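Asker: Protein chains in written order, with my numbering: chain A, 44 to 385; chain B, 44 to 385; chain C, 44 to 385; chain D, 44 to 385.
What the hints contain is simulated information worked out from the structure, not anything from laboratory work. Where hints are given, some of them may not hold.
One copy or two, it doesn't matter: identical chains are merged, so the pair holds either way.
Claimed, not checked - DSS-like cross-link-like pairs, simulated, lysine-lysine; straight-line CA separation at most 27 angstroms: (1) Lys262 / Lys283; (2) Lys291 / Lys313; (3) Lys313 / Lys94; (4) Lys94 / Lys285; (5) Lys46 / Lys291; (6) Lys204 / Lys94; (7) Lys94 / Lys311; (8) Lys204 / Lys181; (9) Lys204 / Lys291; (10) Lys285 / Lys262; (11) Lys46 / Lys183; (12) Lys286 / Lys262; (13) Lys94 / Lys291; (14) Lys69 / Lys94; (15) Lys129 / Lys181; (16) Lys311 / Lys291; (17) Lys183 / Lys129; (18) Lys129 / Lys311; (19) Lys134 / Lys46; (20) Lys291 / Lys262; (21) Lys108 / Lys291; (22) Lys313 / Lys283.
It should be emphasised that the depicted structure is a prediction, and the values quoted were computed from it without experimental measurement.
There are 4 protein chains.
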Amino acid sequence: MIKVSIVGGSGYAGGELLRILLQHPKVHINQVTSRQFAGQPVSLVHPNLRKSTDICFISLDQLRKCDVLIIALPNGVSMGLMNRFKNLAGKIIDLGADFRLHNQVNFTRWYHTVHAYPELLSDFVYGISEVHREEIRKAKYVSCAGCEATVSILSLYPLVKNELIENEVIIDAKMSSSQAGMRASLSSHHPERSGVVRSYMPTGHRHTAEIEQELSGLKVGISATAIDMVRGLLVTIHAKPKKNVSEKDIWNAYRYVYGNEPFIRIVKEKSGLYRYPEPKILQGTNYCDIGFELDQHTNRLVIIGAIDNLVKGTAGQAVQAMNIMFGIPEALGLTFTGLHPI
Amino acid sequence: MIKVSIVGGSGYAGGELLRILLQHPKVHINQVTSRQFAGQPVSLVHPNLRKSTDICFISLDQLRKCDVLIIALPNGVSMGLMNRFKNLAGKIIDLGADFRLHNQVNFTRWYHTVHAYPELLSDFVYGISEVHREEIRKAKYVSCAGCEATVSILSLYPLVKNELIENEVIIDAKMSSSQAGMRASLSSHHPERSGVVRSYMPTGHRHTAEIEQELSGLKVGISATAIDMVRGLLVTIHAKPKKNVSEKDIWNAYRYVYGNEPFIRIVKEKSGLYRYPEPKILQGTNYCDIGFELDQHTNRLVIIGAIDNLVKGTAGQAVQAMNIMFGIPEALGLTFTGLHPI
Amino acid sequence: MIKVSIVGGSGYAGGELLRILLQHPKVHINQVTSRQFAGQPVSLVHPNLRKSTDICFISLDQLRKCDVLIIALPNGVSMGLMNRFKNLAGKIIDLGADFRLHNQVNFTRWYHTVHAYPELLSDFVYGISEVHREEIRKAKYVSCAGCEATVSILSLYPLVKNELIENEVIIDAKMSSSQAGMRASLSSHHPERSGVVRSYMPTGHRHTAEIEQELSGLKVGISATAIDMVRGLLVTIHAKPKKNVSEKDIWNAYRYVYGNEPFIRIVKEKSGLYRYPEPKILQGTNYCDIGFELDQHTNRLVIIGAIDNLVKGTAGQAVQAMNIMFGIPEALGLTFTGLHPI
Amino acid sequence: MIKVSIVGGSGYAGGELLRILLQHPKVHINQVTSRQFAGQPVSLVHPNLRKSTDICFISLDQLRKCDVLIIALPNGVSMGLMNRFKNLAGKIIDLGADFRLHNQVNFTRWYHTVHAYPELLSDFVYGISEVHREEIRKAKYVSCAGCEATVSILSLYPLVKNELIENEVIIDAKMSSSQAGMRASLSSHHPERSGVVRSYMPTGHRHTAEIEQELSGLKVGISATAIDMVRGLLVTIHAKPKKNVSEKDIWNAYRYVYGNEPFIRIVKEKSGLYRYPEPKILQGTNYCDIGFELDQHTNRLVIIGAIDNLVKGTAGQAVQAMNIMFGIPEALGLTFTGLHPI
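For reference, chain A alone in the conformation it holds in the complex (with noise of 0.2 angstroms):
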């Protein structure tokens, strides 16, 4: 059994990662951390998880040795302690931004801020399986990408990789309540925010950097619209494809590039009323699911992605790097098909 501990186990990251390993076959949760909770059920913040275990938060004080710590620390927390975590553990997977980036120019632009250890940058592999499979099977640590940055980079990287677009795209992402985490605001004060259908960052979003470095060449645009929805991520890409690209290549492409992935599910129908991707059929599921449409009249290629925030791009695919990191089935724990309706 992989003995695990989550740093920071008491946001919406960490109750995921406890949902998730509970049920790993081959995981034994070993710790978990948080400063607020410590001594108190995880169930007291997750109370899906009642009845599943009788785990205690601890405080990172008492944290001990283990095989992998995976880390959902706030962002520019998990950079500063990064040092005495590697004391810790062989392997470390960190879901935070602190480590996305490979580069410290870049990351102060984007964070607005100096990175503490920019010597460790270089030492993190960025975790999409899908990307950097092979890198992350050697990989001692791994950096787990934003949630809007993996449903793009999934749904664009096989065109970008055959050179079927221009190099210049439109991201327009449709966001939930629970990408903000868990941290209340008037912002997210129910009256507020329920119903609406907010530009919360029409320019300008961070994720921007970090697309722009795994989608080497390309220039990205993102707004950001909130939406009614606690959990799910979409995104409408308006791209231009290169001349004399087809719909065939296009297929060709996703199936070429993903026709053995696990978790990647090409979603392009003629008949029924999901023909596209849909966030609200992956809740709670590790899929990404991709989609496409050409558009003659105005010769631009829309494709559209959809993930589940908190799992393919938060917690989900923490576990997918971690089965990878450790050899065993890529799949494993991560099994859930999701639920219809919902």
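Once you have looked at the hints, place chains B, C and D on chain A.
Answerer: Okay, now just chains B, C and D, sitting in the frame of chain A:
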């Protein structure tokens, strides 16, 4: 492996049966019927099952012998076919209402129709495992309870059994849209159904009959209000405690009767956000959460029960009964813990 | 023109007062206070009022004399300031809970605090126009009812007045998030509050005191469940009809008492989707819709009442009382019919 | 008083016309037709109008002469009846799509049908008052714009007029369920429609034709995503600013063109929760809110527009045009400010 066939697999109950049974370690899904979708893949109507299965629907005529038939037909349809089904499988689990009531007079009163084969009514065991486990173990034919009846009976059973409440209760039920099934109508049209707090059945709910049958001696008044929820069911039950009944007596009754039940959780917390049962964190799970509060001001006992109407209220209840009927561990296939946040 | 000033104008009740009074043909809004937003335009917190007004919030110190003060402060704040307010206006309408109860012992029991000026309690008329119209007409000081009390009292008043029901009722209330006001907390955090069916107060609701005061002799048990709704309130009231009370008797009571009321509608239809009261089509309106059904099975009378908690339950109720106090047509400013679909 | 009759009054547009016109100080509603509901009160299908009116639907045959006919029939129906309508009223306002396009070839291309009376196409003025006010003032026949076209045209018009953007734009539209009208189907069935982020029309939206007609020279690519919203519409428009266009140029264009418009608000705030346009606070109002942001990173101009699809996008637009046609104040009957919170 148990060979299971599903009759009526294109509805919401059928979809949940498929979802659960596809991951059940001791089940092989033999066949799945649908009049409307015969020949088409089940994932056309159950898009969450894409990549999980290639099964296609068959017509009823193509149904072959199997170990157990699970029937998810509209109310009134299975009774006419039951003798035919008996030739196909030694064990049958019916999810509809046709065989829930033992008494044909009662059936006619609440369903406003004459039963086609009243002589078969006594062949069926009522399918709530927590109440009829030993009978189910020996049963050939099980009729699962209605979702609203399930949560009401489970919430009240220990209190009635231990004679802690007076013999009249009011059940104020908050209902979701999936309970009405898959047939579209103006009442389920999104602009009309969204945001409702609709008293669609203030009196006269048919599940009254089941509850009164199972909790003998109790008089039940149900008022059902549809709210903006796809999946889930909460009942607020207003009862009168018998003289001198204390909170401790109630705790003891629940603990004594449900102490070892895998799918019952008593939820009555002093802190946290989820202090009482809530259906939203039960989506996809087989749990029935039960809580209560004594009101000194009116000498009232308020009991709160929550389930996922499609799992513990339908498909999960059936699989739990099936596990018991076949002598395999009762929780097999039913271990999903639910999501938070959602 | 009536010169109105609003004390505490940045909350949801204050916003609704502004919305209604800005279009009231006989009102001039004099001043609007807010401790937190003094100096800023009211449209900063009430974005629906953009382009309708340029009024800015002032601090309490800047408040000048006016014809009527409408007070929308948090519970417990207005009582300490009431003597000061009396020097500023000859008429006062208080939306908070401080002056609703006539009896200070009762106040202490339900609000767990001692009233600062109990001698003022008898100065206030309880503000439901349908019950206290003549007193309001002569009143200097009016204290508006709590939203949950408003709909419950209006639903029960003709039945109690005509002695049609036994003296104990159960009120099962379905509540919206705006009732908890504008302060953000984890319990109102969108991922936690969205989709709930939360038994946040199964017993012990403070509005019990008001209802029992106004419907003398009645014993009231409230169970309040928060659902995923921003605005609106529905009560399902379970009562026992007295012996030989018929449906016609109940119709007659409602017609006799409410026949000429501009804001009461009896809703009990045989066809259509909206056969009973529903809060969603009342958003923004001053209506209280009331319906009922007799249950022969349990000898129970189910009464259903719905309002917009922020209008008939708060700001609209205040404006209706103000219109009466100033001898102008009672419906002025309150004629919005509500939206469908919504 | 202007005598108005409504043809096709039982749909959502018809209901909004009734709601607005019942409170319009210069309008008398003459007759309202409905094939399905002839003889029944309008409040049967528009329950918000209970107590506001006793009008009953009539059949089309019973339609008499009036001052203006407002037609809210399904697309494709009004063209065949138009000559008949012309005999009944000197002025006609059509809410459907039949007379929006001036060019019959264009009509056939986008509506896949031949126009029954192409010679009538040139009789109609396109009904967006902000763009065609002077023509509408003199018009006998007005064809109101599609809701998605309305908000897109209004958002782009000052930019195109002032030549501030390049001639290709992408419109990413977030749509509500009321846009699909009152006919129930599986795609509008609550369990399927609730919670969706459904790419129901990633390419090929028919409103493209209107937008390109009105904003001559522009090439438009629409991707429409249905979200869980009953009423409201938001477009995120991605455009390329021409060289050296500054934020100030854009501000100036909007201010110059829309400075005196009663129903346009430029929303671009530095603080508050509602910094950009949001449909939820526009429910029931005739506003079109417009905001924008320049993206230096991709040299992109993001324009955000929001309306209530049933008001500014349909019924309110018609009443605004009617007011202009009859030389009465343009905002009569359209002053509802919208609700917050909602």
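Asker: Take the hints in turn and mark each one as holding or not.
Answerer: These are the hints, each one checked on the structure:
1. Lys262 / Lys283: both (12 angstroms within a copy, 14 angstroms between copies)
2. Lys291 / Lys313: within (16 angstroms within a copy, 46 angstroms between copies)
3. Lys313 / Lys94: The answer is between: 17 angstroms across copies meets 27 angstroms, while 43 angstroms in one copy does not.
4. Lys94 / Lys285: For Lys94 and Lys285, the Cα distance exceeds 27 angstroms both inside one copy (55 angstroms) and across copies (31 angstroms).
5. Lys46 / Lys291: neither (46 angstroms within a copy, 41 angstroms between copies)
6. Lys204 / Lys94: between (46 angstroms within a copy, 25 angstroms between copies)
7. Lys94 / Lys311: between (40 angstroms within a copy, 14 angstroms between copies)
8. Lys204 / Lys181: within (23 angstroms within a copy, 58 angstroms between copies)
9. Lys204 / Lys291: Within one copy only: 16 angstroms inside, 40 angstroms across.
10. Lys285 / Lys262: both (15 angstroms within a copy, 19 angstroms between copies)
11. Lys46 / Lys183: within (15 angstroms within a copy, 45 angstroms between copies)
12. Lys286 / Lys262: both (18 angstroms within a copy, 19 angstroms between copies)
13. Lys94 / Lys291: between (50 angstroms within a copy, 21 angstroms between copies)
14. Lys69 / Lys94: both (20 angstroms within a copy, 24 angstroms between copies)
15. Lys129 / Lys181: Within. Shortest intra-copy distance 16 angstroms satisfies the 27 angstroms Cα cut-off; inter-copy 57 angstroms does not.
16. Lys311 / Lys291: within (13 angstroms within a copy, 43 angstroms between copies)
17. Lys183 / Lys129: For Lys183 and Lys129, the Cα distance is within 27 angstroms only inside one copy (10 angstroms; across copies 59 angstroms).
18. Lys129 / Lys311: neither (44 angstroms within a copy, 41 angstroms between copies)
19. Lys134 / Lys46: Answer is within; shortest intra-copy Cα gap is 11 angstroms, inter-copy 43 angstroms.
20. Lys291 / Lys262: Cα proximity of Lys291 and Lys262: in one copy and across copies (25 angstroms, 25 angstroms).
21. Lys108 / Lys291: Classified as neither: same-chain Cα gap 51 angstroms, cross-chain 43 angstroms, threshold 27 angstroms.
22. Lys313 / Lys283: within (23 angstroms within a copy, 33 angstroms between copies)
Violated hints for the displayed structure, listed by number in ascending order: 4, 5, 18, 21.
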